[in-house]
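Number of protein chains: 8
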Amino acid sequence: MSEDEVNFDWNRRKRIGIGEAVLAQGKSREQLYAIVEAAVRRNASVLFTRLDDQMAAGLPEIDYHAPSRTGVLGSFPAHRIKSSVAIVTAGTSDAPAAWEAQRTLAFNGHEATLIFDVGVAGLHRLLARLEEIERHNVVIAVAGMDAALASVLAGQVSRPVIGVPTSTGYGAAREGDTALSSMLASCAAGLSVVNIDNGFGAACAALRILNTSRDKSGSTTRTLPQSPGT
Amino acid sequence: MSEDEVNFDWNRRKRIGIGEAVLAQGKSREQLYAIVEAAVRRNASVLFTRLDDQMAAGLPEIDYHAPSRTGVLGSFPAHRIKSSVAIVTAGTSDAPAAWEAQRTLAFNGHEATLIFDVGVAGLHRLLARLEEIERHNVVIAVAGMDAALASVLAGQVSRPVIGVPTSTGYGAAREGDTALSSMLASCAAGLSVVNIDNGFGAACAALRILNTSRDKSGSTTRTLPQSPGT
Amino acid sequence: MSEDEVNFDWNRRKRIGIGEAVLAQGKSREQLYAIVEAAVRRNASVLFTRLDDQMAAGLPEIDYHAPSRTGVLGSFPAHRIKSSVAIVTAGTSDAPAAWEAQRTLAFNGHEATLIFDVGVAGLHRLLARLEEIERHNVVIAVAGMDAALASVLAGQVSRPVIGVPTSTGYGAAREGDTALSSMLASCAAGLSVVNIDNGFGAACAALRILNTSRDKSGSTTRTLPQSPGT
Amino acid sequence: MSEDEVNFDWNRRKRIGIGEAVLAQGKSREQLYAIVEAAVRRNASVLFTRLDDQMAAGLPEIDYHAPSRTGVLGSFPAHRIKSSVAIVTAGTSDAPAAWEAQRTLAFNGHEATLIFDVGVAGLHRLLARLEEIERHNVVIAVAGMDAALASVLAGQVSRPVIGVPTSTGYGAAREGDTALSSMLASCAAGLSVVNIDNGFGAACAALRILNTSRDKSGSTTRTLPQSPGT
Amino acid sequence: MSEDEVNFDWNRRKRIGIGEAVLAQGKSREQLYAIVEAAVRRNASVLFTRLDDQMAAGLPEIDYHAPSRTGVLGSFPAHRIKSSVAIVTAGTSDAPAAWEAQRTLAFNGHEATLIFDVGVAGLHRLLARLEEIERHNVVIAVAGMDAALASVLAGQVSRPVIGVPTSTGYGAAREGDTALSSMLASCAAGLSVVNIDNGFGAACAALRILNTSRDKSGSTTRTLPQSPGT
Amino acid sequence: MSEDEVNFDWNRRKRIGIGEAVLAQGKSREQLYAIVEAAVRRNASVLFTRLDDQMAAGLPEIDYHAPSRTGVLGSFPAHRIKSSVAIVTAGTSDAPAAWEAQRTLAFNGHEATLIFDVGVAGLHRLLARLEEIERHNVVIAVAGMDAALASVLAGQVSRPVIGVPTSTGYGAAREGDTALSSMLASCAAGLSVVNIDNGFGAACAALRILNTSRDKSGSTTRTLPQSPGT
Amino acid sequence: MSEDEVNFDWNRRKRIGIGEAVLAQGKSREQLYAIVEAAVRRNASVLFTRLDDQMAAGLPEIDYHAPSRTGVLGSFPAHRIKSSVAIVTAGTSDAPAAWEAQRTLAFNGHEATLIFDVGVAGLHRLLARLEEIERHNVVIAVAGMDAALASVLAGQVSRPVIGVPTSTGYGAAREGDTALSSMLASCAAGLSVVNIDNGFGAACAALRILNTSRDKSGSTTRTLPQSPGT
Amino acid sequence: MSEDEVNFDWNRRKRIGIGEAVLAQGKSREQLYAIVEAAVRRNASVLFTRLDDQMAAGLPEIDYHAPSRTGVLGSFPAHRIKSSVAIVTAGTSDAPAAWEAQRTLAFNGHEATLIFDVGVAGLHRLLARLEEIERHNVVIAVAGMDAALASVLAGQVSRPVIGVPTSTGYGAAREGDTALSSMLASCAAGLSVVNIDNGFGAACAALRILNTSRDKSGSTTRTLPQSPGT
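These protein sequence lines are chains A, B, C, D, E, F, G and H, in that order.
Residue numbering for the first sequence follows UniProt numbering, beginning at 1 and increasing consecutively.
Residue numbering for the second sequence follows UniProt numbering, beginning at 1 and increasing consecutively.
Residue numbering for the third sequence follows UniProt numbering, beginning at 1 and increasing consecutively.
Residue numbering for the fourth sequence follows UniProt numbering, beginning at 1 and increasing consecutively.
Residue numbering for the fifth sequence follows UniProt numbering, beginning at 1 and increasing consecutively.
Residue numbering for the sixth sequence follows UniProt numbering, beginning at 1 and increasing consecutively.
Residue numbering for the seventh sequence follows UniProt numbering, beginning at 1 and increasing consecutively.
Residue numbering for the eighth sequence follows UniProt numbering, beginning at 1 and increasing consecutively.
Mixed in with the good hints, there may be bad ones.
Quick list of in silico lysine-lysine cross-link-like pairs, DSS-like style, CA-CA up to 30 Å [unchecked claim]:
#1 Lys82(F) x Lys14(G)
#2 Lys82(H) x Lys14(E)
#3 Lys14(C) x Lys82(C)
#4 Lys82(C) x Lys14(D)
#5 Lys14(D) x Lys14(C)
#6 Lys82(A) x Lys14(B)
#7 Lys14(F) x Lys82(G)
Derived by calculation from the structure, the hints in this document are not laboratory data.
This is chain A alone, in the form it adopts within the complex (with noise of 0.2 Å):
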């Protein structure tokens, strides 16, 4: 793959609020050095996810957390709105999907609380934070294998909960499948869920709830595709 075959999305930022990122589990690393070139070249920033030591290790540009497996290229946002998003896990090994909606978050210029380890089988953990969280407007529920947590939390907070089901556990937990079908199947009203170990996902529908309580500008429309009235 050349450089040429890059056909980024540049407008994504203008158009939905959201910077330009890369899924880099499944590309090549032909394909991922191409991706770098052709954004250095348009001095734009990108987030990179689902990426590993290795093919990190290849692309020295590039501002690597290993926990989240998230690469940055370009910089943060100098200031980041606080408090805007909890982000709340059952377990630790929850920690990466967290971690990488924080990243994702915090490229798009917000600061997001962690509260972790806080799961169901030891009730008075999450009990004890349930006022602190509701101060948040958004909330991002991980936990793996039963899922209990998201269930628990969108039932006594009255904030917009996204469930991200993870990958922790095996057996039933069906690498993250029980967890997924356990929040869809919720009893609590109004959680809305995310792909399995989606931290990058979550966050984004996090995005999508900030930046609509702000002006948006006309400018978005312009570059929505137009019918040609048949």
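The hints should help you fit chains B, C, D, E, F, G and H onto chain A, whose structure is shown.
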């Protein structure tokens, strides 16, 4: 089941901002009677979802809407906020879930805009409506089969997009599972998803977003369970 | 099928301490008749499970309880031990499995306590009952959809907790499979699980626990098959 | 992850009678270090499960047992109760889950009896041991593939039988899912089941049974979260 | 569908030794009429399987047996070979598949022995019949749910054992899929399996075995398709 | 495996118009050697698919192309027909399947047009190329995750569209199963589909279409197997 | 639903060469009425698929064909092209999907040849028809259960072969999923596949092939949506 | 595991006519050592299946055959019966399961005929061998992907046909599950099936058939477990 056994969560609206709702499916006639009686005595409004014709016929106190299989005990709010939510469907068969969302929003004080039948097989139908859709605060995308509408929509509008996969289709549509997985694996960033055919859940997720932009009294936090300080 | 073909396991109660039970579902009317006749002639008590209304109408000898779909041929024990088992349900729709467990326990001499409708979406309802639940020897947790009740409960009480996933819900609830996997993958230690909607099985598991604390005569081992010493 | 982020549930043993345990699988080296340090500082004993050789090599404080992939930080109880639990396996390949159960019981004060390799393909091997098995208070049946051992066992002994399906086998064994479903659908009454390969969970379920027969102080209930009385 | 469209494989019995059979399920009334007429005109015997009551009522030429849902057009062989096949079932609900096998064998000249209700939950019932079963040339094991009967049986008898998983049970029985996978993953060597509820297929597999021990004329090979010698 | 055991279908090209191809995956080194030797001796061209780097390194006779994992023994046709097929991909990660299709077409005499990275998340990229795509005789749509590209494309162009779902993505992408089901359930009429990642199969389907429009000699029908006239 | 809400894609035939079609399944009576009225007013022809008897009875304007569950509003083309498509089925039960394909082709101007009941269990029936099948431009292979017909056919004929898996069979046939996967994993090169029972889709795929060989005016491209040139 | 823990079923050959075999996969090095030592001391022959290269390297007493992953401790019978079984494979990749069957038969005294690479995509290859195949007493059909070979074969030969689905293929081949379901749902009557890749099981099923035609001493029945006469 006697009426004494009805154990309502009467504080739900106060706690999370969403009115009391009951999933009628799977409940016996006796259980539904007991629920209605308990609510009537308390003078409470209740939304019933997935309530079929036969069940509804035995509950005359309820305002029943067959296409959405919803029933309302008590009254809708007199004043509803307009244009806050756009509900967009891919095909005619997706209408029941859309109406369920519409009725849930109305029950909670919001007047949604319905945009029907703009599936991507005839792309111009959707492109012609994009600007209109973008003017709402939240977008609910209702689609079955391949659910491509949700991806295209989330790629073009900046608003929070909540996907409702539907059980429309047959064979490989797998009663909505394909639409569900398709939305979860969407190539568009920040699409969040609710259960199959769950227009109610999508509306509740939208309500959480809409409620968050308004001031909230401290009463909510007073109803939170408290940790005993261990 | 003639009555001669009925091949009962008449020693079951003697061998494993649980009275004879018959799964009615999947059996023809003729087969059920033959079973009743064989039992009547032997003056034996039999518990029928998953017996629907139509089937039961043709078996007047049976004491039928429609909500649990159970029928009893013969009589319940006159004296029942109280407070040995707490049966806790998440929602109203989980009642049939709870009643099936209750009737199975009654048939075997135990009076269970029913605690309904304490699902985690309104957590205070459950927290208010925890001390009462803890006072029983065995806890049966009945929940569908995300089955979060079972995890929360097993995290808070020290008693044996047997989970009964139910087929409540739709879509991603997958007819109880999500609740089942969720319970199996629970973050709470030592929750054990039975088949979907299997209140009977949970009651039998409880009986094994309750029976073990009592003295057992050697008669049981006498009925064990013997190896020929090869 | 710094050590400050470790959020242990230190009251677990007091609350539900089972010592602190950590699922090592899915945690990073850094996370495991932080957990060990926090526990050492508090002088707490911790059981690590699904801890592989490489991870264990970096944690010299831990007493590691490779075949069961368990490690213990701190010490086992000096006095253990004998013959309370029989752990029975169908084949040699089921041993790891059996050893995990054995080590979990030992960590919590019980000395289990191991009975290996008595699968039903050679039925006499099992029949010769039935009387011995019946003399224990709880039976843990560990089996993969068709898991027929669990059904035969539960049909012959009166004790609580907890099934541990294992991932032994290939193809239609479906990494333990067949054994799991087979146990759940067992024709024997009152068999309860834990997750695939979850010897730890079976041991905890046994502990709940064993603990229940002993007197319990009121201290447990004092640590329960309290409802604020709404 | 006119009768001209019936495209029978009239040489099947000559080619593979099994009489013509028609799967009625999924065929329309018109199609079944056309098949009967074509067979009558050719004076051929045909076995119909999975033929429900309503369908059968419209086909008076057929000797219908409701419990097995089989119908025979033409006559059964006058002389049948005895004791060649033992058909063994785990429970009463497995009878329909057993009867389908029995009728298929009878239609092809063999009188099978039926042994009902010897599931492993009450193991002595099976052990008492093992010697009798061993005296047959082929064994058909019919079992649903955990299908443990097939494993125990194949571990104890030396004859060819053909497993018929049945759709008996609910929940984790997965409409026969658990029994099917359980048999395929059996710990007993040399158990072979047919489709769920497929008593017909098991009987045909038995017929292939029974036919092979007899002398075969060269006529069979004459009907084989020939390669053109490329 | 000795070379004698290689049983090629040397008449395939003559019979169905597609050159000999070998699926390398799943074959041992020895088997691949034997195949190469047999082909060399016969002076035949062979296309190898799913041939990984290590395997290819041991087969120096082969022209290997790593990104598509294809290797060609013998030569490509000197003259290739241009613009007959457009191969369109949603993302960069879909490239390997696209290249496999391209190389298969080239091996069979067609020069395809590659159009990369036009997924629907940035719809304008696709809309800009629709007229160009329509000018080809066949369209191959390569897409993973939600596979929405295939539906949008088939809704806009009139040409035969063959979908290749890819294993791109994670979690709910289910290793390509979601893309596969999504394409099969597409709301666009007349989209046909091949196996996951099967660029080879899509190219062969295209070749069947392209070959049909050309005159065919009678030689094909001469190699058909003949019925012996029973 | 009022008639105003009908949002037809009236340009479909002009754009992609396939007449307007409506999937009736999943639509309410009111929705179908509104569609018929809108089409009648516009004097448009519409093909209804998966339209059951009861629905059709309420729509007298429609020419209904029960075996294929198709209905046509308006008229079939007077002149139809012959012998362009061969529709081949494995068994009698596969006929409905074959007829659906036939009717769809007729509605779009092609007269297909039907070849029934040539499944591979009696291979000579298929071999006798191979030359005839090869004389058509496109082959549609309709088969359920193991779907072996499609593989054998695609291995013997050179024409485009479109597989239609059907839901014929039971148990391991998995309502058509086995036939679907079997066709996708076929050992024959270049078989493409549509959804289960989707005779309509196969016919549309054939139409795309047949239409491509004819000259096309530029009108098609004029109706394509246009990118705004970002 | 010490050697004392080895609990062999030494009577298996006497009881069911099949020599002792050990599934090596899933066993640790220590467990395999203990098994070898126990067998050596008893001078017993043992067949190891699914034994990989590394494991085998540590067991020098074993005659190892890498392609089939089988090892034999002790010796093969000197005299083997010829032509009793034909093992037929669809493709080269199916060879390992075929060799496993061949080695198992040899270990038990039968010399099988191997017929490779006759898959139905090139049907003439199979048709040319049908008469030869028919001359054997049992046929083992080994095939992956669509497994169409098994259906065609069972439709043409009269002998017992045992299908071995293999994990050959990718994507919709689902690691052998498609081949497995395809064989189970086969349109050919009397095909029976074993687990995926289970050449050993197919050989054992064949041995049961071959053994049944020979006279058997009463010794078998003497080793049967006996019911105590309850």
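Contradicted hints - numbers only
5
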